[in-house]
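**Q** Protein chains in written order, with my numbering: chain Y, 1 to 789; chain Z, 790 to 949.
One or more of the hints may lead you astray.
[Unchecked claim] Distance ranges between label pairs, derived from CB positions:
(1) Y:Glu243 <-> Z:Glu872: 25 to 33 Å
(2) Z:Asn910 <-> Y:Gly397: 47 to 55 Å
(3) Z:Ser810 <-> Y:Lys63: 17 to 25 Å
(4) Z:Lys907 <-> Y:Asp444: 35 to 43 Å
[What the hints assert, rightly or not] Not close to chain Y: a few residues of chain Z, all C-beta gaps over 12 Å, as computed:
(5) Gly801
(6) Arg811
(7) Arg819
(8) Glu820
(9) Ile829
(10) His835
(11) Leu853
(12) Met856
(13) Thr865
(14) Leu878
(15) His883
(16) Gly887
(17) Gln889
(18) Glu903
(19) Arg926
(20) Met944
Keep in mind that the hints were calculated from the coordinates and are not lab data.
Every residue, glycine too, gets a C-beta built ideally from N, C-alpha and C.
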Amino acid sequence: MNGPKTSAEVGGMGHSVKRKEDARFIRGQGKYTDDVVLPGMLHMDIVRSPYAYAKIKSINTDKAMAIPGVHAVITGEVLKGYNLHWMPTLMSDTQMVLPTDTVMYQSQEVAAVIADDRYIAADGVEAVEVEYEPMQALVDPFKAMEKDAPVLRTDKEGKTDNHIWHWEIGDAEKTEKAFQAADVVVKEKVYLPRIHVASIETCGCVASFDPAEGKLTVWMTTQAPHAIRTVLALVAGHVGLSEEKIRIISPDIGGGFGGKVPVYPGYVIAIASSVVIGKPVKWVEDRSENLQADSFARDYHMDVELAASKTGMMEALRIKTVADHGYTDAAANPSKYPAGMFSICTGSYDIKTAFTEMDAYYTNKPPGGIAYRCSFRVTEAVHAIERIVDVLAKKLGMDPADLRMQNFIQPEEFPYKTALGWEYDSGNYPRALKLAMEKIGYDDLRREQKEKRDRGELMGIGLSTFTEIVGAGPSKDFDILGIKMFDSCELRIHPTGKAMARFGTKSQGQGHETTYAQILAEELGIPSSQIQIEEGDTDTAPYGLGTYASRSTPTAGAAAAKAAHKVRDKARKIAAHLLEASEEDLEWEVGKFFVKGSPKQSKTIQEIAFAAYTNHPQGLEPGLEATHYYDPPNMTFPFGSYICVVDIDSKTGEIKIRRFVAIDDCGNIINPMIVEGQIHGGLTQGLAPAMFEELIYDEEGNILNGTFMDYLLPTAVETPKWETERTVTPSPHHPLGAKGVAESPTVGAPPAIANAVVDALSHLGVENMDIPITPFKVWQVLQEKGVAA
Amino acid sequence: MSKHTVTIELNGSSITREVDSRLLLVHFLREELEMTGTHIGCDTSHCGACTVLIDGRSVKSCTLFTMQANGKSLTTIEGMETEGKLHPLQEGFHEEHGLQCGFCTSGMIMRAAELLEKNPNPNEEEIRWGISGNLCRCTGYVNIIKAVQYAAEKMQKEAA
Numbered sequence: 001m002n003g004p005k006t007s008a009e010v011g012g013m014g015h016s017v018k019r020k021e022d023a024r025f026i027r028g029q030g031k032y033t034d035d036v037v038l039p040g041m042l043h044m045d046i047v048r049s050p051y052a053y054a055k056i057k058s059i060n061t062d063k064a065m066a067i068p069g070v071h072a073v074i075t076g077e078v079l080k081g082y083n084l085h086w087m088p089t090l091m092s093d094t095q096m097v098l099p100t101d102t103v104m105y106q107s108q109e110v111a112a113v114i115a116d117d118r119y120i121a122a123d124g125v126e127a128v129e130v131e132y133e134p135m136q137a138l139v140d141p142f143k144a145m146e147k148d149a150p151v152l153r154t155d156k157e158g159k160t161d162n163h164i165w166h167w168e169i170g171d172a173e174k175t176e177k178a179f180q181a182a183d184v185v186v187k188e189k190v191y192l193p194r195i196h197v198a199s200i201e202t203c204g205c206v207a208s209f210d211p212a213e214g215k216l217t218v219w220m221t222t223q224a225p226h227a228i229r230t231v232l233a234l235v236a237g238h239v240g241l242s243e244e245k246i247r248i249i250s251p252d253i254g255g256g257f258g259g260k261v262p263v264y265p266g267y268v269i270a271i272a273s274s275v276v277i278g279k280p281v282k283w284v285e286d287r288s289e290n291l292q293a294d295s296f297a298r299d300y301h302m303d304v305e306l307a308a309s310k311t312g313m314m315e316a317l318r319i320k321t322v323a324d325h326g327y328t329d330a331a332a333n334p335s336k337y338p339a340g341m342f343s344i345c346t347g348s349y350d351i352k353t354a355f356t357e358m359d360a361y362y363t364n365k366p367p368g369g370i371a372y373r374c375s376f377r378v379t380e381a382v383h384a385i386e387r388i389v390d391v392l393a394k395k396l397g398m399d400p401a402d403l404r405m406q407n408f409i410q411p412e413e414f415p416y417k418t419a420l421g422w423e424y425d426s427g428n429y430p431r432a433l434k435l436a437m438e439k440i441g442y443d444d445l446r447r448e449q450k451e452k453r454d455r456g457e458l459m460g461i462g463l464s465t466f467t468e469i470v471g472a473g474p475s476k477d478f479d480i481l482g483i484k485m486f487d488s489c490e491l492r493i494h495p496t497g498k499a500m501a502r503f504g505t506k507s508q509g510q511g512h513e514t515t516y517a518q519i520l521a522e523e524l525g526i527p528s529s530q531i532q533i534e535e536g537d538t539d540t541a542p543y544g545l546g547t548y549a550s551r552s553t554p555t556a557g558a559a560a561a562k563a564a565h566k567v568r569d570k571a572r573k574i575a576a577h578l579l580e581a582s583e584e585d586l587e588w589e590v591g592k593f594f595v596k597g598s599p600k601q602s603k604t605i606q607e608i609a610f611a612a613y614t615n616h617p618q619g620l621e622p623g624l625e626a627t628h629y630y631d632p633p634n635m636t637f638p639f640g641s642y643i644c645v646v647d648i649d650s651k652t653g654e655i656k657i658r659r660f661v662a663i664d665d666c667g668n669i670i671n672p673m674i675v676e677g678q679i680h681g682g683l684t685q686g687l688a689p690a691m692f693e694e695l696i697y698d699e700e701g702n703i704l705n706g707t708f709m710d711y712l713l714p715t716a717v718e719t720p721k722w723e724t725e726r727t728v729t730p731s732p733h734h735p736l737g738a739k740g741v742a743e744s745p746t747v748g749a750p751p752a753i754a755n756a757v758v759d760a761l762s763h764l765g766v767e768n769m770d771i772p773i774t775p776f777k778v779w780q781v782l783q784e785k786g787v788a789a
Numbered sequence: 790m791s792k793h794t795v796t797i798e799l800n801g802s803s804i805t806r807e808v809d810s811r812l813l814l815v816h817f818l819r820e821e822l823e824m825t826g827t828h829i830g831c832d833t834s835h836c837g838a839c840t841v842l843i844d845g846r847s848v849k850s851c852t853l854f855t856m857q858a859n860g861k862s863l864t865t866i867e868g869m870e871t872e873g874k875l876h877p878l879q880e881g882f883h884e885e886h887g888l889q890c891g892f893c894t895s896g897m898i899m900r901a902a903e904l905l906e907k908n909p910n911p912n913e914e915e916i917r918w919g920i921s922g923n924l925c926r927c928t929g930y931v932n933i934i935k936a937v938q939y940a941a942e943k944m945q946k947e948a949a
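Extracted from the complex, chain Y is given alone in its bound form:
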């Protein structure tokens, strides 16, 4: 892309337009769910299980009900009366809303207290007496798969084991042959531990049922308000909640990252409480509840194998995975893909043969498997391939950059069909890696590393040259609970030439109010500052599947462009009428139609808009509006080349990221400032699991780090200074040539960091280290190898 096509005043694509939404946030005037206050509103707090697995012998609510200001205590038995004690997950599994007899993970919801304020509700929670009969928890999926393991999901009739599903793709036989014939085979066990999105705003809702109208309004921390409305109508239709009487409002959201896609029991209990009591009910989690009970991410145990020739040509990839889903599969993947987009695991490399299979198991841990800032299990896939490529490089004695370079899918090979079935739309991997190597001074760093190693100093250089897959997705393959994964834009041009557009997505910090306006400005020439963007209210916005998996720009962004084209088509008719010319004789340039060969004869979009309401051609429908539902023809495939340099203190194991260069390619860019900001944030959420974060459970299923006291989010001190740059390889099928970006860095950064640390220790015989790679883990290795004192 050669600079913006529009003026700074119009502020179309390519301009770093300052964000519109900032005006309220910098003044503390954002409106988040917990800021919603309604007359007569009650507060809900939740009694949670101290045990990971236990029978509930009794629940005594008398003392809680005796507290002045407590209105109700909702238990599983109460919900059972409405047949609302169970609900489906987005993966068509089932999940308790509140238990009637058994709890399946620590911190599971057991009962809810509804009271006048949050303090009284908390008093009520303290006063509810629950008698449990603890049972031995199954925490390890490898124990859960043993033949004589107790069956956890006894609620499922005929269930005889803890297996959830098996999934596989690729040619097993051909892959086995390739491995047998290969010169070199490398294998590694790669574990991506449980982590949590830990958005700074927790989850919550305000449910308000109006008994007179029979209408339910829910302000809710959700990334997908329309899907939530439909799910509610489907699961609560039998108690009289009909879809036209349900309004979901997703107000400002304090970070989502995938954690605000699922339906959590708390939402359902609050809604049920409001319906039963007839008053608004607010529920907002505290941080412990958020970390301990909301959906986790990752938790994949992967056996990764790569076969290659002795000259380092990659020939076949095989990955066998055990997925720990906790007590129910509450992932939010498209229906057809229980393992998400894991089959992107062949990465940026021309690997002709591949096979991957996966088995998912139940354990006594919180449910989930959500796509944390990653387009459904891409982080796991990328970590597997990028780690094993480094293992291969070491085995062959090759530089990991050379090995990657010689195996890349070449630019002229796109569109490229992968061994596991994806058609990559575009890419230029060598260009991105070369740029990263130049920027960081790769050859000099390798020389420095050698010198340092000779002196006994530890320095490592790690690469990650990943391919992402985002923009779910084409309706032939992509749905959630049957709802196709298109997205939408409804565009209205007002008589004075200003505009409003509404979308089926929902920003959680991505800056849609700014970037969608830029897309429309690009296509219509109306200044982006004069285009109002709205999302998140199901009563007003067109239907869409929401914002996650980097899908907003690939789907709703494309819908915006298409809706603008429809408006332009109609504008052409009106312009022809005004200019007394034929439509074919008109040409469009940003913001106006003019008569071919006579550029002075022109009408601006503003003049045309006014005419649409005041002087439209007879026979043409008045007004200037359009709606478009965009069904993408393919996914988009952003990619990047990251290089990380670490220095390790050989005495303490302390790891210092000296430099981190990230080259990203997300196709054409709407707002460079926002893209760069998203990359900074994504890199930091890649750093977090690489070096700090993991949800840790003991053998009894107790979570050991369920608060911010000990679940360590990186602060400004731990976060390095990111160095970013980009290449631009437009998507050939997206109307704007754009691809989606925010998740690439989360996906690409962890293996770059892990590879750097392993590289620093490789001369000691270290081949792999599981993330998070902490100073303690490194120190243990150094001790073992006799390096640290």
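Using the hints provided, position chain Z relative to the given structure of chain Y.
**A** What follows is chain Z alone, placed relative to chain Y:
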């Protein structure tokens, strides 16, 4: 629940209220006074979303009782814009794209306000340590640091 009378100089105006002894300052602000610019992110004083200034010192209002602010001067994000003019920090966060979801922003701005009061010209390292009690999950801190630098420069120019 015993009640106490609390008098606070809040954003320049004196207010007096009757409050429960256990009422946390952040709930007093958000629920009694309906000033929702101060946010709650962790309840354990780790994330800093609830940061306000008491007598010019940044404190985390989620772990302070309202009574502990009695007789003191309290500044919240709502008090940063004066006479229609944004505080240089508010301006800096906008100009340098120092926020995304906006949830940590109020606390970051309040924390940075004390930082710049104590150290009007901090270097990058000092800013990083200075805001290390405030968590942001969106920005990777890069542009927050630039926002604080922007404000520092502007405030120094204004003071000169």
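**Q** Against each hint, give a clear statement of whether it holds in the structure.
**A** Against the structure, the hints:
Restraint check, Glu243 of chain Y to Glu872 of chain Z: a C-beta distance of roughly 49 Å breaks the suggested window 25 to 33 Å. Between Asn910 of chain Z and Gly397 of chain Y, the C-beta spacing of about 51 Å keeps the proposed range 47 to 55 Å intact. Between Ser810 of chain Z and Lys63 of chain Y the beta carbon distance is about 22 Å. The supplied range of 17 to 25 Å therefore holds. Between Lys907 of chain Z and Asp444 of chain Y the beta carbon distance is about 40 Å. The supplied range of 35 to 43 Å therefore holds.
No beta-carbon of chain Y comes within 12 Å of the beta-carbon of Gly801 of chain Z; the shortest separation is about 16 Å. Remark: the non-interface label on Arg811 of chain Z conflicts with the geometry, its nearest Cβ contact in chain Y lying 7 Å away (cut-off 12 Å). The Cβ of Arg819 of chain Z does not lie farther than 12 Å from every Cβ of chain Y; its closest approach is about 8 Å, which violates its non-interface assignment. With a cut of 12 Å on Cβ distances, Glu820 of chain Z falls inside the contact zone with chain Y, its closest approach being about 8 Å.
The beta carbon of Ile829 of chain Z sits about 7 Å from the closest Cβ of chain Y, which is not more than 12 Å, so the claim that it is off the interface is violated. A cut-off of 12 Å between C-beta atoms contradicts the statement that His835 of chain Z is not in contact with chain Y; the least separation is 4 Å. Every beta carbon of chain Y lies more than 12 Å from that of Leu853 of chain Z, the smallest distance being close to 16 Å; the non-interface claim holds. No Cβ of chain Y comes within 12 Å of the Cβ of Met856 of chain Z; the nearest lies about 15 Å off, and the non-interface call holds.
Distance check for Thr865 of chain Z against chain Y: the nearest CB is about 7 Å away, which does not clear 12 Å, and the non-interface claim fails. A cut-off of 12 Å between C-beta atoms contradicts the statement that Leu878 of chain Z is not in contact with chain Y; the least separation is 8 Å. Its closest Cβ contact with chain Y, about 4 Å, brings His883 of chain Z to no more than 12 Å, contrary to its assignment away from the interface. Distance to chain Y contradicts Gly887 of chain Z as a non-interface residue, since its nearest Cβ pair spans about 9 Å, not more than 12 Å.
The non-interface label for Gln889 of chain Z is inconsistent with chain Y: the shortest C-beta to C-beta separation is roughly 4 Å, within 12 Å. A cut-off of 12 Å between C-beta atoms confirms that Glu903 of chain Z is not in contact with chain Y; the least separation is 15 Å. Remark: the non-interface label on Arg926 of chain Z conflicts with the geometry, its nearest Cβ contact in chain Y lying 5 Å away (cut-off 12 Å). The Cβ of Met944 of chain Z lies farther than 12 Å from every Cβ of chain Y, with a closest approach of about 16 Å, so its non-interface assignment holds.
In this structure, the hints that do not hold are numbers 1, 6, 7, 8, 9, 10, 13, 14, 15, 16, 17, 19, in rising order.
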